[in-house]
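Student: Letter by letter, the chains look like this.
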Amino acid sequence: MQYMIKADEFNDLHDKLTQELRRGVLVLAALSQLREPKYGYALIDDLSQHGLDIEQGTLYPLLRRLEEQGLLESEWNVEGSRPRRYYVLSAAGRELLQLLQTDWEQLVQVMQVLLVDLEGESHGTH
Amino acid sequence: MELIDRYVAEVGRHLPARKRADIEAELRSSLIDNLEARSQGEPSQQDVVELLQEFGSPQKIAASYWPEGQYLIGPGLYPLFRMVVGIALLVVVILQLVLLGVALVFRPESLPIWGFLDDFVPTIVSVFGWVVLAFALMQRLGVHPQIEEERWDPRDLPPAQDPEPFSRVGTGIEIALGLVVIVLLSVLPQQLPQVLPSWIQIYISPVLLQYLPLLVFSVVLGVGLNVILLVRGKWETGTRLAKIALNLFGIAILALLIDGHTTWLVEHNAAGFFTSIRRLEQAGQINTQATEIVAMQVYRMVFIVALLGTLVDTLRIGWWLVKHLFGSSGEPSYPSSGATSAG
Numbered sequence: 487m488q489y490m491i492k493a494d495e496f497n498d499l500h501d502k503l504t505q506e507l508r509r510g511v512l513v514l515a516a517l518s519q520l521r522e523p524k525y526g527y528a529l530i531d532d533l534s535q536h537g538l539d540i541e542q543g544t545l546y547p548l549l550r551r552l553e554e555q556g557l558l559e560s561e562w563n564v565e566g567s568r569p570r571r572y573y574v575l576s577a578a579g580r581e582l583l584q585l586l587q588t589d590w591e592q593l594v595q596v597m598q599v600l601l602v603d604l605e606g607e608s609h610g611t612h
Numbered sequence: 049m050e051l052i053d054r055y056v057a058e059v060g061r062h063l064p065a066r067k068r069a070d071i072e073a074e075l076r077s078s079l080i081d082n083l084e085a086r087s088q089g090e091p092s093q094q095d096v097v098e099l100l101q102e103f104g105s106p107q108k109i110a111a112s113y114w115p116e117g118q119y120l121i122g123p124g125l126y127p128l129f130r131m132v133v134g135i136a137l138l139v140v141v142i143l144q145l146v147l148l149g150v151a152l153v154f155r156p157e158s159l160p161i162w163g164f165l166d167d168f169v170p171t172i173v174s175v176f177g178w179v180v181l182a183f184a185l186m187q188r189l190g191v192h193p194q195i196e197e198e199r200w201d202p203r204d205l206p207p208a209q210d211p212e213p214f215s216r217v218g219t220g221i222e223i224a225l226g227l228v229v230i231v232l233l234s235v236l237p238q239q240l241p242q243v244l245p246s247w248i249q250i251y252i253s254p255v256l257l258q259y260l261p262l263l264v265f266s267v268v269l270g271v272g273l274n275v276i277l278l279v280r281g282k283w284e285t286g287t288r289l290a291k292i293a294l295n296l297f298g299i300a301i302l303a304l305l306i307d308g309h310t311t312w313l314v315e316h317n318a319a320g321f322f323t324s325i326r327r328l329e330q331a332g333q334i335n336t337q338a339t340e341i342v343a344m345q346v347y348r349m350v351f352i353v354a355l356l357g358t359l360v361d362t363l364r365i366g367w368w369l370v371k372h373l374f375g376s377s378g379e380p381s382y383p384s385s386g387a388t389s390a391g
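Quick note, the sequences are listed as chains S and C, same order. Heads up: the first sequence begins at 487 in this note's numbering, then just goes up one per residue. Heads up: the second sequence begins at 49 in this note's numbering, then just goes up one per residue.
Accuracy of the hints is not assured; some may be wrong.
For lysine to aspartate or glutamate, the following EDC-like pairs were computed, each having C-alpha atoms within a straight-line distance of at most 16 Å [claimed, not checked]:
#, chain 1, residue 1, chain 2, residue 2
1, C, Lys67, S, Glu554
2, C, Lys291, C, Asp361
3, S, Lys524, C, Asp201
4, S, Lys524, S, Glu553
5, S, Lys502, S, Glu554
6, C, Lys67, S, Glu553
7, C, Lys291, C, Asp204
8, C, Lys67, S, Asp539
9, C, Lys108, S, Glu541
10, C, Lys282, C, Asp201
11, C, Lys282, C, Asp204
12, S, Lys524, S, Glu495
13, S, Lys502, S, Asp539
14, S, Lys524, S, Glu559
15, C, Lys108, C, Glu72
Residues from chain S shown here face chain C by an in silico Cβ test under 10 Å; the list is partial [stated by the list, open to error]:
#, residue
16, Phe496
17, Ile530
18, Asp531
19, Glu541
20, Gln542
21, Arg580
22, Leu583
23, Gln584
Which bits of chain S does chain C cover? Going by a derived footprint, with three or more residues having C-beta under 8 Å, they are [claimed, not checked]:
#, region
24, 499-512
25, 546-554
If you are wondering where the hints come from, they were derived from the structure by calculation, not from laboratory data. Glycine included, C-beta positions come from ideal geometry on N, C-alpha and C.
Just chain S, with the same shape it has in the complex:
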């Protein structure tokens, strides 16, 4: 059986899969930058400067969920021009970050091996 796929559907699919990949690493990325307290927008800015653009609407609920799971702690800081909510890793969060980092490195190694076959191979077009 062979399914035909149109060019725009192909692009949509590419976008969707890229998003899924990003979503998968989003927790790890956020945790990695919260060893020191940061407020939401600063974290987004931080990630963006490192080359990881994320949808803003996704990050705030995520931070809240991580806090409810006990991986982050937060408090309001009223010192700046307006009150901001600062998030930082909890003890459990720090521990989990280390574990996830190891998992991630293993995953990267595996994926590099899996993807090495593709290198140099010319990409076919549709």
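Let chain S serve as the given structure and place chain C on it in line with the hints.
Tutor: This is chain C only, laid out in the frame that chain S set:
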């Protein structure tokens, strides 16, 4: 800034009350951070519109604060809900039809059809509504039966081609019929004579009345077994044994009923069935004793047929059980599944 306030308020409307104020404050502060970063000096209205559109619709943002989703009846409860609704509606429909039938036969002058139609839809809607309400309450209170995540064993799965496939629909119908029988058996004998006009005599066997509690009890057990079957989703050795036991119980009750009717008929010096019918014809309408004798003979025949049916069913299940427990698992047959298409 007014647009930001409106946006934040709209998000807030879709948030759980206890988190609302906190999330709103954080959202407002983040949006303003964002706005300051992207526009030098005083942000224009256009900047705000672009920012908010980029952020996403208020409903979407609010929804992302409910990671488990918002459900009236969630995916964990839904299969059970479907099952219960199906059975409940079936019971209601069958009961309504039975009552309509009774009314049509015994009170044709009152045109029950209109009353029936008047009643039918609202009853169904209200039964559906009550079930939804009960399940919504369970959902709210967090009564979620686990979706089959617990330990399971592939060896418990039924064979791909079950010689006796389990039918959810059939079992659901059986449960519904069982419930109807329970209602009819426990309500009608007392109610029916009052409901019917005086010129109609429905004759209820005194022997049947004597064994009624036992009969209702066995039907209740049958419904219970069917509910278990529906939950398990397949026949197992245990349920088959239970079914056999239940059938034997039923056979015993039927035997008592038949014996009781036989005794009654002997006591009333009844002749054979067709002779009794002839006597009825000769006697005319006045002779109630002759009518009673025919009625009792009909009851007795019905019970005999039921007993034979149950016996055959029991033997069939018993045979399957013996084959399944002691026989070979059967030779493999090819192809085991439908033809697989290539290309």
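Student: If you test the structure against every hint from before, which numbers come out violated?
Tutor: Failing hints, ascending: 3, 5, 7, 8, 12, 16, 21, 22, 23, 24.
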